[in-house]
Amino acid sequence: MKISEQEVRRVAELANLALTEDEVVRMTRDLDGILGHMDKLNELDTSAVEPMSQVLYDAEETATLRADVERKPLSNADAIANAAVSGQGYFKVPRVIEK
Amino acid sequence: MNHTIDSIRTDLLAKKVSAEEIAREALKFAEAENPKTNAYLTFAPERALVAAQSVDRKIAAGEDPGPLAGVPIAIKDVIVTRGLRTTCGSRMLENYIPPYDATAVIRIEQAGGVLLGKTNCDEFAMGSSNENSAFGPVRNPVALDRVPGGSSGGSAAVIAQGTAVLSLGSDTGGSIRQPASFCGVTGVTPTYGRVSRYGLTAFASSLDHIGPFSRTVRDSARLLQVMAGRDEMDSTSASAPVPDYVAALDGNIRGMKIGIPKEYFDGLAIDTGDLIQAAIGKLQKLGCEIREIRLPHTAYAVGCYYIICTAEASSNLARYDGVRYTTRSSAAGTLQEMYRQTRDEGFGAECKRRIMLGTYVLSSGYYDAYYLKAQKVRALVAQDYAQAFAQVDAIVGPVSPFPAFKLGEKVDDPTAMYLSDIYTVTGDLAGIPCMSVPAGKTAEGLPVGLQVLANHFNETTMFRVADAFERVSS
Chain R
1 MKISEQEVRR VAELANLALT EDEVVRMTRD LDGILGHMDK LNELDTSAVE
51 PMSQVLYDAE ETATLRADVE RKPLSNADAI ANAAVSGQGY FKVPRVIEK
Chain D
1 MNHTIDSIRT DLLAKKVSAE EIAREALKFA EAENPKTNAY LTFAPERALV
51 AAQSVDRKIA AGEDPGPLAG VPIAIKDVIV TRGLRTTCGS RMLENYIPPY
101 DATAVIRIEQ AGGVLLGKTN CDEFAMGSSN ENSAFGPVRN PVALDRVPGG
151 SSGGSAAVIA QGTAVLSLGS DTGGSIRQPA SFCGVTGVTP TYGRVSRYGL
201 TAFASSLDHI GPFSRTVRDS ARLLQVMAGR DEMDSTSASA PVPDYVAALD
251 GNIRGMKIGI PKEYFDGLAI DTGDLIQAAI GKLQKLGCEI REIRLPHTAY
301 AVGCYYIICT AEASSNLARY DGVRYTTRSS AAGTLQEMYR QTRDEGFGAE
351 CKRRIMLGTY VLSSGYYDAY YLKAQKVRAL VAQDYAQAFA QVDAIVGPVS
401 PFPAFKLGEK VDDPTAMYLS DIYTVTGDLA GIPCMSVPAG KTAEGLPVGL
451 QVLANHFNET TMFRVADAFE RVSS
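From first to last, the protein sequence lines are chains R and D. According to the numbering used here, the first sequence is numbered sequentially starting from 1. According to the numbering used here, the second sequence is numbered sequentially starting from 1.
Bound conformation, chain D alone:
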């Protein structure tokens, strides 16, 4: 499928095709292609057709079918969908059928979006390669022997594979931007609180975001527009007004001040570094003023992030205890055995590692040394950005130190895998909007993403830079 939101809207309103025909074709194509990548875990044909038929009825009645009318969308399987299995990539929730919809899903369907199915991901969104899914890894559509990135690997893959027009992912430490970079698509992490987290299965609540994937910057901007805004079901959702992101995309970023953080260029793979430098050259040609800036606490961000996220995860995942969420070990005798056996059987190795780490850093005697220390370092990382945005409008740099790696290549060294998140965790710690936009391919043909970051609630500036760059690079 090479559709965009605009092309589908044009075709629907011209009555060249119906939403039902688009949905049927999309489902057929996605189901046929899926064995190549394992990107979808569940398809939702009935729900998709009901939504498509509703769009067709509105068009026939001369009503506005909504900004996402008839657009096939895939949803990461950590975002709950009423009556539609939501596994979080975990054996623990293999048969979990949520009793409610996430706010983001409600808003998408109200806008005419057609939910095709749920996408594979690292278990409870914990991972950088999608190899931690209980339902098998996702393969990168660009190079099938390589990982798609993680944790939203399935949501990035369906866009690259053409088996959805839009998808939703979640980002806690880079889980949208890194797979977007690895698969050569656009992926956006909005400002913390811009999109309601209601219905996003909690991993690390102070860091979790829902955000869009698409093939164009414009489509991500439109999808964010639909989802953004205050939701009374999430007390951390922001009531700041949502500007018209798409209206600002005129391709003109002349005079914009772009910061290049010196710390983001140590230890990059050669091809990655070259492509990011070339991207900076293009921004300069577009009339941007390029300034070198410093983000001096970058080197501390990974340690800080893995303390905070595992601490929050160990608390959030305590609810999977064999009582409320479908799975209970058959070996359970006493209550205590039920908790322990259920969690031992239900969680995979990475989840256990993070629960253990989080429990350790919160435990008596270590709280001050690790958790409190990390919260203070988080403030320093956020302060780095605040100081940078006093001088520049946006910051650009790499998303990942290297392009997509081979399946199995890094699974045995969790510390090395964590360290590769260095350029993405900083944005989550500060809560600023950041995105990955395709910046070309390495000599081996592997995509590399350019990361664009802006200040809190300044998604418009971020999208303008990414859109102007996209116009001159594709």
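One chain only, chain R, in its complex shape:
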């Protein structure tokens, strides 16, 4: 086994996912199969290879910044229009600090 149910529960916590017991069982089986396939990468000696994080990492044309000029951002009303709960121009969330 590449991954245990206990590890799946830990990863679900890190990912902020609430998995049911059935989901944990299924997820463990699925991830185990996929991770097993991923082990194939270890057949390759990559000790002398530089990691590639972006396609055109060496092309200077993509390393551009726009001119530092002021421009209009989204309005407050537009920015919070899709909020699950809002009020007074803010996103509202459950209380995180006790009085």
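Since the hints were derived computationally from the structure, they do not count as laboratory data. All figures in this text were calculated on a predicted structure; none of them were measured in a lab. Don't take every hint at face value.
Each computed DSS-like pair below joins lysine-lysine, with the alpha-carbon atoms no more than 25 Å apart [unchecked claim]:
no. : chain 1 : residue 1 : chain 2 : residue 2
1   : D       : LYS410    : R       : LYS2
2   : D       : LYS441    : D       : LYS36
3   : D       : LYS28     : D       : LYS16
4   : D       : LYS376    : R       : LYS2
With the hints as your guide, set chain D onto chain R.
Relative to the frame of chain R, chain D by itself:
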């Protein structure tokens, strides 16, 4: 609808028909046909008519109505449209109304394109069959009991069904080319950075592309022409000049060196292999020099891809937390419960699987073994192509090992589904332009696409090969 960009332009300028009439007819037809496939999720009649009327006014005033004048276009529902619901195929965004337009959408509408509606897709573009949509699967118009491919299944289906002339999809690991192949249409993944990703809902940012679907190679070339080019809203968009793709399409590819990767012919369905071999024969008759090449890291590409894409996805999808994007679980008590319950209720099984996998490969103790290893293997996959393009002008091969499969046939085995992406993920990992062009049908009548790949920013060569092939195969 059997229109092309050129036929619509000719009819409009000859005043045989107005853009408004085309838009009304297109909407009526698309709405009537849609229940067969479930390809559209949302129609945009008001927006379409406003755009069409603007084209008609320009024509009446003797102004140029733009390169896409009056052309009905469908947009994959992972690409945001201001004021028009954009769901990403997810319950999480069922009621999300974006406050801005994607750059690609702005450029299409400025070019006179008429946006008909938004197309169904796998949830957050994660899938190879369009069965992961929260709003039901899309059916393949060619064979209604089969999948259209994914994740841009709806955008491929509307072209095959004739309910749009052009459409936009997104491709992270094959999500444009594979459905194009399954539905018998043309689909293009441009060079990474050629089209701005601004407004494309992020799945795996280092791999995501926007690209066109159409019935002809020429139409995809025109649509890419409109969208391509630097956009200051996307720092990874390239400022390399955009050549005139269509002007280069003269059907003459004599002397072009075409590479055939040996690794792309293991494990193909028999009919698929035969059709790809026949396509290679046609290219040879067109005067191309066919050379066998090697892409030795192909077998490692799927593992590499699913590490990188899930890692990036787990980070990108962290934003759906019950605060900013419409959905919040009613079961939420504390902040932590709100995050967890909202994500549990909002995401489907495949999204959860990828978030879990991505979180795992990035987590402490596994980062080097999986994520860093995959980034190194990605460099080797890219190097395979760089070496190949030192010898050949373009590469051709299959898009998928098999044609469209039946709905439900592969849903229970995610690893097998991932492995079927083997011939498409490599192009995304390297960031090169690649496309699918129809190469005929199997004995069962199922379409098979020929994949054409070229070097970075060499879309012109890719289009020339696909266009010359299309001329002799249709």
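Going down the list of hints, with the structure as the test:
For the proposed pair LYS410(D) and LYS2(R), the alpha carbon gap of about 23 Å is at most 25 Å, so the pair holds. Straight-line distance between C-alpha atoms of LYS441(D) and LYS36(D) comes to about 22 Å, which keeps the hinted pair within the 25 Å bound. Simply put, LYS28(D) and LYS16(D) have alpha-carbon atoms about 19 Å apart, close enough for the 25 Å limit, and the pair holds. As the CA atoms of LYS376(D) and LYS2(R) are separated by approximately 22 Å, the hinted pair is consistent with the 25 Å bound.
Violated hints for the displayed structure: none, as all numbered hints are satisfied.
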